[in-house]
Structure formats: C-alpha cells, structure tokens
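Colleague: Chains as they are written, first to last, in the numbering used here: chain D, 1 to 359; chain R, 1001 to 1359; chain X, 2001 to 2359; chain W, 3001 to 3359.
For the record, the hints were derived by calculation from the structure and aren't laboratory data.
These numbers come from a predicted model, not from an experiment.
Check each hint, because a few of them may be wrong.
What the hints assert, rightly or not - Okay, derived cross-link-like pairs now, DMTMM-like style, lysine to aspartate or glutamate, Cα gap no bigger than 20 Å in a straight line:
id: 1; chain 1: D; residue 1: Lys226; chain 2: R; residue 2: Asp1065
id: 2; chain 1: W; residue 1: Lys3356; chain 2: W; residue 2: Asp3332
id: 3; chain 1: X; residue 1: Lys2247; chain 2: X; residue 2: Glu2235
id: 4; chain 1: D; residue 1: Lys356; chain 2: R; residue 2: Asp1065
id: 5; chain 1: X; residue 1: Lys2224; chain 2: W; residue 2: Asp3065
Number of protein chains: 4
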Amino acid sequence: MKRRIQRIGIVTAGGDCPGLNAVIRGVVKTAQNDYGVEVFGIRDGFVGMVTYKGDERGKILTNRDASGILAVGGTILGTARGDVFEAAGTKEGDYSIFEEAFSSMKIDALICTGGDGTQRMAQKLHTHGFPVVGIPKTIDNDLMETDVTFGFNSAVTIIMEAIDNLHSTAMSHHRALVVEVMGRDVGWLALVAGVAGGGDVILIPETPYEEQAIFDCALERSRKGKRFSIVVVAEGVKPNDKNAPQKEIARYLSSLIEKETGIETRPVILGHLQRGGPPTAFDRILATQFAVKAVDLVMEGRFGEMAAIQGNDFVSVPISQATKGLKRVPLDHPLIRSAVSVGTSFGSREIDKRQKDKS
Amino acid sequence: MKRRIQRIGIVTAGGDCPGLNAVIRGVVKTAQNDYGVEVFGIRDGFVGMVTYKGDERGKILTNRDASGILAVGGTILGTARGDVFEAAGTKEGDYSIFEEAFSSMKIDALICTGGDGTQRMAQKLHTHGFPVVGIPKTIDNDLMETDVTFGFNSAVTIIMEAIDNLHSTAMSHHRALVVEVMGRDVGWLALVAGVAGGGDVILIPETPYEEQAIFDCALERSRKGKRFSIVVVAEGVKPNDKNAPQKEIARYLSSLIEKETGIETRPVILGHLQRGGPPTAFDRILATQFAVKAVDLVMEGRFGEMAAIQGNDFVSVPISQATKGLKRVPLDHPLIRSAVSVGTSFGSREIDKRQKDKS
Amino acid sequence: MKRRIQRIGIVTAGGDCPGLNAVIRGVVKTAQNDYGVEVFGIRDGFVGMVTYKGDERGKILTNRDASGILAVGGTILGTARGDVFEAAGTKEGDYSIFEEAFSSMKIDALICTGGDGTQRMAQKLHTHGFPVVGIPKTIDNDLMETDVTFGFNSAVTIIMEAIDNLHSTAMSHHRALVVEVMGRDVGWLALVAGVAGGGDVILIPETPYEEQAIFDCALERSRKGKRFSIVVVAEGVKPNDKNAPQKEIARYLSSLIEKETGIETRPVILGHLQRGGPPTAFDRILATQFAVKAVDLVMEGRFGEMAAIQGNDFVSVPISQATKGLKRVPLDHPLIRSAVSVGTSFGSREIDKRQKDKS
Amino acid sequence: MKRRIQRIGIVTAGGDCPGLNAVIRGVVKTAQNDYGVEVFGIRDGFVGMVTYKGDERGKILTNRDASGILAVGGTILGTARGDVFEAAGTKEGDYSIFEEAFSSMKIDALICTGGDGTQRMAQKLHTHGFPVVGIPKTIDNDLMETDVTFGFNSAVTIIMEAIDNLHSTAMSHHRALVVEVMGRDVGWLALVAGVAGGGDVILIPETPYEEQAIFDCALERSRKGKRFSIVVVAEGVKPNDKNAPQKEIARYLSSLIEKETGIETRPVILGHLQRGGPPTAFDRILATQFAVKAVDLVMEGRFGEMAAIQGNDFVSVPISQATKGLKRVPLDHPLIRSAVSVGTSFGSREIDKRQKDKS
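For reference, chain D alone in the conformation it holds in the complex:
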C-alpha cells in the first residue's frame, strides 16, 4: 500500500562536499512548491538520526532555512561517519532504531544524500522496508550508474586552480612538484583535474605505474628546455617498492624523483582543501536537479531508487545497482587518449600499449 506522504526526511551522510546545501534547498523548495509537503532536516547523518533525542534530532526546514545556502559549501544539517548500530548502543542489524527515528520525526520517507557508504546504508534500509530514496554525492566520482555526481566538478576546480598556481613556483625554481589528490580507489579526480591543469604526469590507481617512466618524463622535458614538471598523483596508487609507505605517496615519490633525476622536487598534499568552498555552477545545477528528481521519486513511491544522470537525462536507478561496485576509470576512456595526445604520461605500460595498438 502506497503511504500518503506528508513529511519527507532528509539526511546528509559521509564526507561533506560542495553542493549538499544546494540539494537541501532543492528538496525543501520542491516538496513545498510542487507537492505541498514538508521536509524534516535530520542533523549529523545517520549517526545523529539514531542517537540524538528530541529537538536535537533536527527540525522542519522552512523556506527561510533553505534561503541563501545555494552558494555555501558543506551541509547545514551536519554530517557524521561511523557505525550507526554501535553509535546507538545496540547490536548490528537492529533496525528498530530507525523505526523509532522515522516515527519520532513523523517522516513518511527519507532522502539519503551521500556517497558509496551512505547509499549502502540506504539500500539496507530499503531492504528492511524503509521508504528511502538516494541522492548520489561523491567527490571521487566512484558511484556506479550515474555519469557524475555533484562535488566532483568543485573538487576538480580546486585541484586545477592549485596546479595553475603551482606552475609559477615550478617554473621559477625549475622544480618538479608532486601534487597528491583524493582517490583511494579510483583516479577520476587525478585524471580530470590533471588534464585540466596541464599535468605532465598523471598517476591513477587503475593501472600500475613504472617509476622509471616518471623519471624519463621529467628528464625528457628538461632536455627540451622545460625545466619543470607537475606530477598529479591519486592518493591510492600503489608504489612498486614494497618498502614504500602506505600513506603520503607524494612525499615518497618526491624524494625518489629528486634522488633519481637530480631535479629538485617537492610534494604538495591538497587534503581537506579539496572539500571546501562554494560549489561550482556545474555542481549547483546538478545538485538542484538531483533534488527535484529525488522528491519526484518519493512522491511517486519509487523507493529503493537513486537519482542519477546518464548522458543528458535525469533518471533513476536501483540503489542496489549503484552500490554493486566502484566506478573505475576504464583505460580506454577517451580522456586518457586525449591526455596522451597532448603529451601527458601515465607511467603505465598498459596505457602505452593501448595507445600503440590503436595507431
């Protein structure tokens, strides 16, 4: 039986990123304007949802709450990470804590905004009969079934601007700079921001890299009179050297390059800077449209689905499909080909081979 929706809950979970507030705004306004339904903003992610009591849990979001937040980074609702059952002091799989939450907040459906982990949680809730809809969010762009998510373009922009600004130091000092960016498992940020910033070497987790290829690239540039190089590396690439540290690949590579090539090299680790600041136009548009789509899905009773963009179309996909794995960079992605054509090295035999085969 389709339950009549009078109040929708919204939760933002996982790491923050630009565009979350645009989603909140979009959900509140669409629910009110198009359906006359109210929206309850839940504080501090799933953890807050099941641990806070009374007013702490959140509040009905008015039109005024949703005003002036489109351009603001982060989430006005707060977010949190961690195991919900542990946080609630109950045993794994005790979904009564969510029943209690739905009931005390009087929400008839829940919009879950977040990345891979959040959508997995949403899927579990769906399996246990909760009326949930997903909105995809990841800086890493690793969610399946959607071409892209908001947060990604903003992070790409921050990284690209950092690379732009680092160029003057690299050139003035004839240095190599190794810029470490997010991407524990996938290389989208390194690839797209690296090409946008004109990186000379881009290293992604999807393919093993040869250290020698990096040295060769820097030395070859030097020989041609370009006495600087920018190496963009995803945090999750694995060094060949078994003794290499698991963390801070940029430091490791930096000292290696300097030692092997004689070129002064410095690491730059962007870290949390990649999450901050106002969302780009691209992300505001995307987040707003995801929000509208998600409210539509709720009102149509299409629970267990997630808003997504495929080509030019806003569609919905089963959350179960979106979370069945990570969306990795395929080595035959056209942007890799374009990057190679403009002279970028990926330090990868597979990619080199692929380019050679093709021509």
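Since the structure of chain D is already known, use the hints to place chains R, X and W on it.
Modeller: For chains R, X and W alone, coordinates are given in the frame of chain D:
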C-alpha cells in the same frame, strides 16, 4: 583523391572566449605527437587569413608556442569579424582568395574554430572544395548538433559569481537588481547561470514575458520578508511595450520595476566581462577533447564535419547540420522544470501553463 | 558627567561595501569580551533608526549573530539612504526623533559606520549632544584624516580582476576597452586599480584630460605592435566637449576613440559589481581594528571622534575634521609618478608638466 | 667617482613569490622611460649569475619582455638557492666571480630582489665595492626597516581563502582543523591571515604556547554550541613536549587535540600553495613602487641601500640595517590586541598577562 596531410592550418574566428587557447594547444600537440604533422597558426581569423601577406599571416606553431596557454583566456592567434571578401577587396564569392591562402601557407587542411558564423563560413569553404573541419565554440551555446560548446561553462561561471556577489548589495539595500547577460536569440546563459546563481526571475528570448509577473514576484517576496530580488535577463528578450528601446533591456526593466513596485531597482550589465578570464576545468577538458577529435577528423579525411559532444560521446556531425538553425531552449527542458520547482519565475504564461498541465 | 555605558548601538548607513559585517562582528565581540557591554544592532541605517517601531528597529546582537559573518559582503543590519527628517515625517532639524530612538533602544552611545554622508550626520548628532563615535567606510577612499578605509581594497581588487580578465578580449580582438569605475569626485579607485591592472590610460576627476592624449596613446601602442589598450576612467571625469552627456562617460569615450583612431573600442561599466563579494584580507583586518578602536573610544567617552588609520597607527580624529572636505588625489602622489614611469598616460597636461619639471 | 649608468642588471634570488614579475616590469619600464637606460635580466639568481656562460646568463629585457607579466606569479628570470662560491667551484669569498659577471654582462649596477638571504648577499657585494641596490621581498614579512614587502599580502590572501573554505568542512563535521602556514621564525603570516580568516586559535613562534589553552578553547567553543574550531599555526612554533617532532607541527597538534578533547581533528598543511598564483592588488602596487624607487636609487648612485616603505612613504634604508636581524611580531602589536578582543586565543601566558595588565 585523399591528399596526404603534412601541415594543418588552424584559424580562430568570431568573438573570443575562454578555451580557444586550449584548442590551439590540443591541435598542435595532437598533430605532432599522434601524427607527426605540423600546424600553421593563422592570425586574426578569416579576415587575417585573406588579407595579411607574408609573415604577418601567421607561423608554424611549435610545442613551445603551445605551452603555458591552457589556462589563458582569449586566443593567441587573434580573431576578427567581418566580411572576408570585402576585407580582401574582391567580389562576394571569389574563393580564389582562399586558394591563394591555402597555397601560400602550404596547408593541406584547415581547422575552423568558432561559432555559428564561423561554421557557416567553414561550410561554404567545404562546398567550394576546401578541406575543412570545424570545432564548435560559442558562449551562447546556440550551435546545433552538439550538446554544449566550450566557453559556455566559463561564461556561466562568471555570471553566477557576479550574481553571488550582487546578492549582498541587494540584501543590504532591500533592492531588486536586474542583471543583463548575453543571449541575443537564445536563453541558455540566462537559464543556466540564473539557476546556478539562485536568480528569482529569469527572462529568456524563447518565450514572451509578462511584466506584471515580474512585479508580482518581487512584491510577493517582499511580503514574505525577502526584501530583495535578482532578475536575470537575456539581452535578446523583447519587451511587451512597443515603445521600449531595442537595447539595454536591463535599464528599461529596472526603471519599470522601481516605478511599478516602489522597490528600489538597479541594472547591472555584464557585457564583455562574460568573455574574459581563464577557462573553467569543464571548458579546458571539452576544448582539449574537441581539438583531438578535430585532428583525427582531418587525418581521416572527414572534411566538412565538425567535432561535437552528444551525451558522453565525442562524435562528428556535418557542419551543414550544425548550422541549419539555432539551438534554442525548449520550454520543456528539465532545468526549467527544476527552476520552477525551486521557486524561479520565468514571467511566462507558456511555462506556467506547461507546469500546471504536468501536475 | 560621563554616562556609564551599558549598551552600545551600531548603525550602518550609506552604500553597502565589503567589511561592514567585519565591523559589526568586531564591535559586538569587543564590547562583550573586553567590557562586558551589550550591543544593539539597528536596522536599515539612520532612516530605519527613526522610522521603524518596536522589534523592527533591531535587536541585541549575540555572539552567535556575530559569528560566520566576517567573510560575508554587505551588512546584516541593512542600510538605507535618504533624509532622516523627511523619512520620519518631521521637520528638518527635529532631533527629538533621535532622542526617542536612543531612549527606546536603551542605548548609551551610538557607533556610526559609513562614509562622508554618514559621518556628517554623526557630526550633527554630536553637535546636538548625542554620544556618537564614527567608523569610516568608503569604497571611494575620499574621507579625510584617515589614510584609507575598508571597502576600498576590496573594490580595487574587483576592478583589477575585471581588467585582468578583459585583457584577453582586448588582445584577441585588437581592441581598446574603456572601463568605467566608481569615483564621482575623486580618482583613488581608478588610480590604484588602474595601476594594479596595468591600465594604459587612467583618467581621474582631479585633473582635466585631453582627448587627443588618449588617442595618441592608443595609436602609439598600435605602432609598437601592441594593438590593444585598456582605458580606466573614473565616472566623475568631465569630458572637454560641452555637448557630452553627463553620465556614462565610458560610452562617450568609447565611441570617440573608435571614431578618431579607427581602433575598435568597447565600453565596460562595472557599476554595482564594485560593491559586492567577500572583503579582502586587507579590509577584514582594517575593519576589525576600526571596530575595536571605536568600542575603546566609546568606553573612554571620546564622543565626536572617528577611528582612523594614519601610517601604521590606529588613531582617532574629530569627525568634524574628517568631514570638512573630500580627500582628493594630489597630483604629486608617488603612485602617479610610478604609473607614469611604467608607461601609463593620464591624458593630463598638468601631470605631464609635473613629470617633466621633476626630471 | 660616480660611474655613468648605461645598463642595470636585475637578479631575483631566494624563494619565488607573487610580485617578482611586477618588480621586473617596473624596473625595465622605469629605466627606459625615465632614464633611457637598458636593463639586463639575469637568469636563476646569484647562482645562475656566476655559473652560466654566454647567452645562458640572461638578456637585455625589452619593453615587450616586460609586457603582460604584471599579473603573473613567480619570476620570468628564474631563481635559485644555494652557496654561490660553491656553485661556481671557487673558494668562499672569491668575489672575482662577480667581477667577471658584471663585466661580461656589461652591467654598471645590480638590483638584487629577494629576502633576508638575498639582501645579506647584496650587502656583501656592496662591502666588496659592487654597485648594488636592494628590493625587499619576503612572504614571511621578516625583513627589518620596511613595514611590509610584496608577496606577504598575496600569501595572506591565499591562507585566508583556504581558511574560509575549510570552515564549511569544520562546521559540517564538527571538527577542529589545524592549518599550518609558513613562518619558521616569525608569526606575521599566521597572525594576519589568522585574524583575516577568523581563526579561533593562532600560534606564533614569538611566544611559547600552552597546549592546555588550545584544548580549553576548543572545548569552551563546543560548550557554547560552536562545535568546530580552526587553529592556525606557524610552522616554526616549538611544541612544549621535548619528544615532539621538529617538523609538521600541524600533524602533531592535530592528534594531540583529538586525543585530549575527543574532538575529531585534522591537519592541513598549505606548503607551496602559499607562494603561487597572481599577486594581489596590494602587492602589485607595492612591487611597482619598489621597482621605481630602486631605479631612482641606482641612478642617484645610492648603492648599498634598499627600497623600503615606512608608514606611507617610500624611502631607502641601508641594506646593512635591514639585515641586522629578523622583524618579529611584537607581543604588544595592536593586531594581537584586536585579535584577543574578537575572541582569538594565542595559547600564550605572556599575551594573556599583557591583556590583563592593560585592562
């Protein structure tokens, strides 16, 4: 007979925009790296191509010429507008001036980078047997057969940031601000930047607007305690009032709103600011991929075609198709629906009706 | 008798500018932290102060109200322009309206934040026995007795970035661009932003300009192979031509330059964009220190004085001195000499002569 | 005997920073326009000056070389660090390598642009009879005898924008963030950028800090409902704990704060990002005026002096005075008082005491 390509000419024509240098860089590097072919950079558009003599005409672009320009706005080749035959002092349709240009520059093919006017010229050259390939460029996003062109996202970003910054003045002074943006015939910039900036009213040339609807929106906001409004207007919308001036619609609307609502109102005309500055990440990626595609098209002998993006695919389309009309905003575009859902008024009966029918 | 201060009122009046919220934050926090005194925030300038009733008039600003506003442009208090006596429906000079305001808000002193007009009003209040202290604010930098005010550096930055971005269009199209900036009576913005942006011609109200000198400069640059020019003009310069329009000098000059030199020329009018956006670091630091100084002045009972910066020192000056005229650009200012040395033309015989005499 | 100046050499040495190109432009244009003297641009600092041969050493800078670089970060001349005598393969103090350099480049004077190390080298050259003039440059603002140098305001701006952007993450996740900025010996950057960014705790090398004070500040904020804190720390502060690492104080403090307060805490290390990007308006103006002043000093034969700004005046000071120590933050600096008044903690007994004594 397929001519063997040894040198490709490249010309940038029409209005400048961010991303042109990314195209030039991409063409030079791809031609050299992938095909061992050299690129001749032609100065100052088609007009320069047929009027300049000797070294003035341009030069072979080396790898060094193509370095360090990815992030720079405008075009290092220069551009120009105007009738080529008139400029060359010959009669309309005398294509011998182009024969002379191709021959003196020793180019075997020509990549024409530009918007609607440029592609029309490219199509004429194609019809007259010249080996040309097109790369689409428009700030307005009005070219058919490609979902988007570079320059558009950069312009959207500039407009959005302007709207962001104007909000503080509008709020502090309880004013309405009317922001006039490019778009003589199409409303893409007003629509996308308006939604990204959170504009309260968006007026586009694709649908007539009711002045009263604008007044109502501003007054309604005032009643709800939001004593400011941002009106985003494409320069090409037509005022209802027959006596209204043809130019500077923002001024006209501004004084009208102030008179009719009593709310202090000011116009802001963004003008040439919309063309400037470094390209966004989106546009650098797009321009680079268009460049690679265009060189491929040249080397495959697919003349008369233009690089394009459709969904996620870089494809080619006949230039004749791309120039058969202008790509206007369809009134059932999902972004219009989303904009309405978050409370934006288009001052348009057609759009209001469409929204009502739908629900 | 020195009245014991328990509550300070703060008003922001005149045009908005970046830094006002930094002042409000600084006043609230300093009053609380250093003196245990509360601050009443008055809405919508002097006009709001004397016309609103009850809660509309404003409220006690808590620490929370003052949080998160440092980086936000505009003023959370709102501002207004216009004649207070007229607005209050009483006769010119009827200061009982202010007595009523002080008494109903229970404020023991008033901090008046604003430019020339605001400080004149503050001086009148002082003369009529009201305990007022001034904080200088002007985008134009025309207040006497203080080297600089907040808002100015932010506006300079916006103009400079606009000029930076316009360069690519000017160069690509071989055009002259005439950029009109604020400055009805003084040329500080045009001078400082013009030098920072590398303007080729700078026109300021402090000295008459020769049109021919502008043409000569553009033509001379063209001859040397620099086929573009940027002309920065303060809105308040007076054209030689008696028939010239009083407004929009950029349009007038633009068509004149194009006609006389044959160089394509376009006007760009920055208008309200110059007031917007987050304050620069310089302005946040300045605004915060003015705020602290103003609270000190209040607590020391030094009414009728205005916070000011002279050299490296935060001092106080009589408001009467600060408003006795406008601070104009002296023609022997070192920045004019520097600008001339790097090749800038002021189109001015006086400045040319001065430079010649000196050498 | 005053040597007639026909050619001035210019060298940029030490770390790069925004504004160096503005200096180069200013020197070239002023020398040409005001004195008809040519400028020789020396490549890669003092090391390049004494090790490169022939054309590698640099070149006469034309007006064209000096065009379009005002807004570009870094130095077009390149820079280098290291011991010149060692680099030249000679013994310490063998100034004949400079005689050879002056003579082969045919320069009659040398403008040395750089920080503390560069000015010390300049002073040594002066002592050995070389005609040198200094232009101060430091991101750290630690040069004596000048109120400020270019590069500083640009770095402050980058740090402030980073803090602005980090606020959204800190707030969304209820975290403390520890932002490490430059400043091995002096705290100017941490102080000024920390106040501009609204940092809650600022730690500078000029005064020892109490770890407990940091914990208290974060906990106190939490109690008041502000569940996030931003700690700005100069890299050169010394931890109390003797076992603490010498490097990366942000990491050390971050884990300490998390452990002691239970508040999730993350480090952010800005590193080389602080040197990059286009110079701010403030730095362009300053750099341009230093350049003009330095050329004047050369032409007046005032060797051994350095351009400086004191209050509002561009003056010259003996290089020997400017390098006699480091300009540290005095603990009674008015900005410290202002910072304390708006609620910033310096975690310092000395500063607490000073504030208490004062009141």
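Colleague: If you test the structure against every hint from before, which numbers come out violated?
Modeller: Failing hint: just 4.
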